[in-house]
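Here are the chains, one letter per residue:
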Amino acid sequence: YQRRVHGSVFMSSIAAGDWAAARTVLLAWSAAGERNSSAVVAIAKWLLPAYAGSLKDDVYAIYEQVCVAAIDCDETELYKQCFGALQKRFPKSARVRLLEGMRLEASKEYARAKELYEAIQKDDESNAACRKRIVALLAAQGLYEEAIASLNDYLQTFMADAEAWQELFELYLQVNDLESAASCLEELVLVNPHNFWYYLKLGEVHYTIGRGDHYKLARSYFAHALTLNPDSARAKYGLLLASGRIPQGKETVALCRANLAAAYADGQSVSSAAARATLQ
Amino acid sequence: VSTQSTWDTRGPAMSEVSFASATAPGKMVLHAAQHPYQAVNGVVLGRVEGGQTVVTDAVPCFHQHLALTAMAEIAFAQIEQYCKDVGIAIVGYYFARERAEDAGDELPEDDLAKRMAMKMKENAKDVVILMLDFSTAHWG
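In the order they appear, the protein sequences are chains A and B.
Counting with the working numbering, you get residues 1 to 280 for the letters of the first sequence.
Counting with the working numbering, you get residues 1 to 140 for the letters of the second sequence.
Hint data in this document are derived by calculation from the structure and do not stem from the laboratory.
Check each hint, because a few of them may be wrong.
[Claimed, not checked] One side of the interface only, derived from the structure: several residues of chain A facing chain B at Cβ under 8 Å: (1) LEU143; (2) ASN176; (3) SER180; (4) VAL205; (5) TYR207; (6) GLY212; (7) PRO230; (8) ARG234; (9) LEU241.
[What the hints assert, rightly or not] Across the chosen pairs, the derived CB separations fall in these ranges: (10) A:GLU115 to B:GLU106: 25 to 35 Å; (11) A:ALA119 to B:VAL86: 54 to 64 Å; (12) B:ASP105 to A:GLU145: 34 to 44 Å; (13) A:SER54 to B:GLN34: 51 to 61 Å; (14) A:ALA263 to B:GLU101: 41 to 51 Å; (15) B:TYR37 to A:VAL191: 18 to 28 Å; (16) A:LEU143 to B:GLU106: 38 to 48 Å; (17) B:LYS119 to A:PHE158: 46 to 56 Å; (18) A:ARG112 to B:TYR37: 45 to 55 Å; (19) A:GLU125 to B:LYS125: 55 to 65 Å; (20) B:HIS35 to A:ALA263: 38 to 48 Å; (21) A:LEU143 to B:GLN52: 15 to 25 Å; (22) A:ASN176 to B:GLN34: 48 to 58 Å.
Cβ coordinates follow ideal geometry from the N, Cα and C atoms, glycine included.
I would like the entire structure built from these sequences, with the hints used as guidance.
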């Protein structure tokens with residue numbers, strides 16, 4: 001099982017006992033937002049019993065990460081050990097209590113999880129992580145409309161929270177409310193105007209809505225995504241599609257075709273043959 | 001095969017679908033397993049013989065933003081070209097829901113799977129919808 005981390009460290013190259021490499025990998029995954037739960041559990045099983053002391057203060061972040069991974073992989077014993085260690089070190093921490101809430105969610109004990117989150121919220125109204133767990137709890141039960149309402153409420157207060165706007169975008173897609181999904185992306189653009197991915201998705205959302213002005217908008221968004229990331233095949237394809245839907249787009253379509261055909265010119269793989277063919 | 005039966009994911013329609021080997025089901029299940037927190041979808045390939053749909057292969061497509069159509073159009077066009085090269089056809093659409101317990105017996109009217117299948121029917125003779133059901137799956 002191999003995982004590439006920042007281009008340099010492969011999971012399989014970590015020998016059991018190489019606690020420094022294990023720490024690097026775990027913290028890198030955590031920073032990149034990659035869950036990799038089975039791999040985290042596999043590492044934790046040899047790392048924590050023998051090398052917890054060597055990890056110094058990093059061990060607590062790793063305990064938290066392993067808790068989540070253990071919940072994912074149904075590793076009750078491992079979870080108890082890590083959670084116990086965290087509880088001992090941080091007895092009053094809301095952040096630690098949230099982990100217990102996640103465990104309850106995973107066991108589908110939704111009512112108890114809700115009670116726990118509401119208790120945490122009562123202790124500290126400003127705890128953003130707790131309010132986000134409440135949204136996650138609703139979504140986990142398939143209560144998408146309620147989750148949307150709760151998340152909108154949260155965003156009234158925490159309006160620069162990009163992660164939350166992105167989650168709201170995903171929830172609106174779930175309920176097929178494309179216009180609202182687009183408005184979430186627009187908020188994300190306000191938070192970070194240089195992220196080409198937001199423009200790419202805006203293009204895709206407007207293309208999906210379809211009809212005259214939306215195809216024009218989609219075309220603009222895909223074009224902007226391309227100025228930010230000139231190598232993006234998705235943006236090129238998007239520009240090709242959106243331009244093909246409006247009368248004045250013929251020149252752009254030809255430009256995109258030529259550019260994409262050149263990008264696929266290596267002719268190596270089946271997929272590039274098929275891709276070239278579709279560009280005829 | 002009537003148009004109505006292609007929308008059924010249980011019952012009589014299932015007897016009209018067969019798998020030539022473990023390749024297609026294997027790929028579909030692995031695709032879903034690779035993305036345990038997300039819904040996935042893709043296309044199944046094969047041939048239609050008489051009233052039977054024989055599925056020989058599957059092409060995993062997406063694991064996020066399944067409702068967005070732009071990249072799906074590109075994917076379907078590329079898969080169609082691949083089918084022409086190899087001599088098979090797109091015969092259906094497969095998907096797995098985000099929540100395992102949502103794998104019900106009925107597809108709602110405006111379900112994404114139905115919209116996708118309608119899109120595919122523009123170019124394919126007959127289209128089946130396969131829903132992966134992990135609601136009774138367990139580990140260990």
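**Study point:** Residue hint LEU143 of chain A, partner chain B, criterion CB-CB below 8 Å
**Key:** It is violated, given that the least Cβ distance between LEU143 of chain A and chain B is near 11 Å, above 8 Å.
Check your understanding: Do the beta carbons of ASN176 of chain A and GLN34 of chain B sit within 48 to 58 Å of each other?
Key -> Violated - the Cβ-Cβ distance for ASN176 of chain A and GLN34 of chain B, about 25 Å, lies outside 48 to 58 Å.
Review point. Taking the beta carbons of SER54 of chain A and GLN34 of chain B, is their distance inside 51 to 61 Å?
Key: violated (33 Å)
Practice item. Take the C-beta atom of TYR37 of chain B and the C-beta atom of VAL191 of chain A, compute their distance, and say whether it sits inside 18 to 28 Å. Key: Check passed, 24 Å falls within 18 to 28 Å.
**Study point:** When the least beta-carbon distance from SER180 of chain A to chain B is tested against 8 Å, hint result
**Key:** Status violated, d = 12 Å.
Check your understanding: Range hint 55 to 65 Å: satisfied by the CB atoms of GLU125 of chain A and LYS125 of chain B?
Key -> holds (60 Å)
Review point. Does the Cβ-Cβ separation between ASP105 of chain B and GLU145 of chain A fall within 34 to 44 Å?
Key: Check failed, 23 Å falls outside 34 to 44 Å.
Point to revise | Interface hint outcome for LEU241 of chain A [beta carbon to chain B under 8 Å] | key: holds (5 Å)
Review point. Falls inside 41 to 51 Å, the C-beta gap from ALA263 of chain A to GLU101 of chain B?
Key: Given a distance of about 42 Å, which is inside 41 to 51 Å, the answer is holds.
Review point. Under the criterion of a CB-CB separation shorter than 8 Å, is ASN176 of chain A in contact with chain B as hinted?
Key: holds (6 Å)
**Study point:** Beta-carbon spacing of GLU115 of chain A to GLU106 of chain B - inside the hinted bounds 25 to 35 Å or not
**Key:** Between GLU115 of chain A and GLU106 of chain B, where Cβ atoms are some 34 Å apart, the hint holds.
Review point. Does the Cβ pair LEU143 of chain A, GLN52 of chain B satisfy 15 to 25 Å?
Key: violated (41 Å)
Checked against the numbered hints above, the structure violates hints 1, 3, 6, 7, 12, 13, 16, 17, 18, 20, 21 and 22; every other hint is satisfied.
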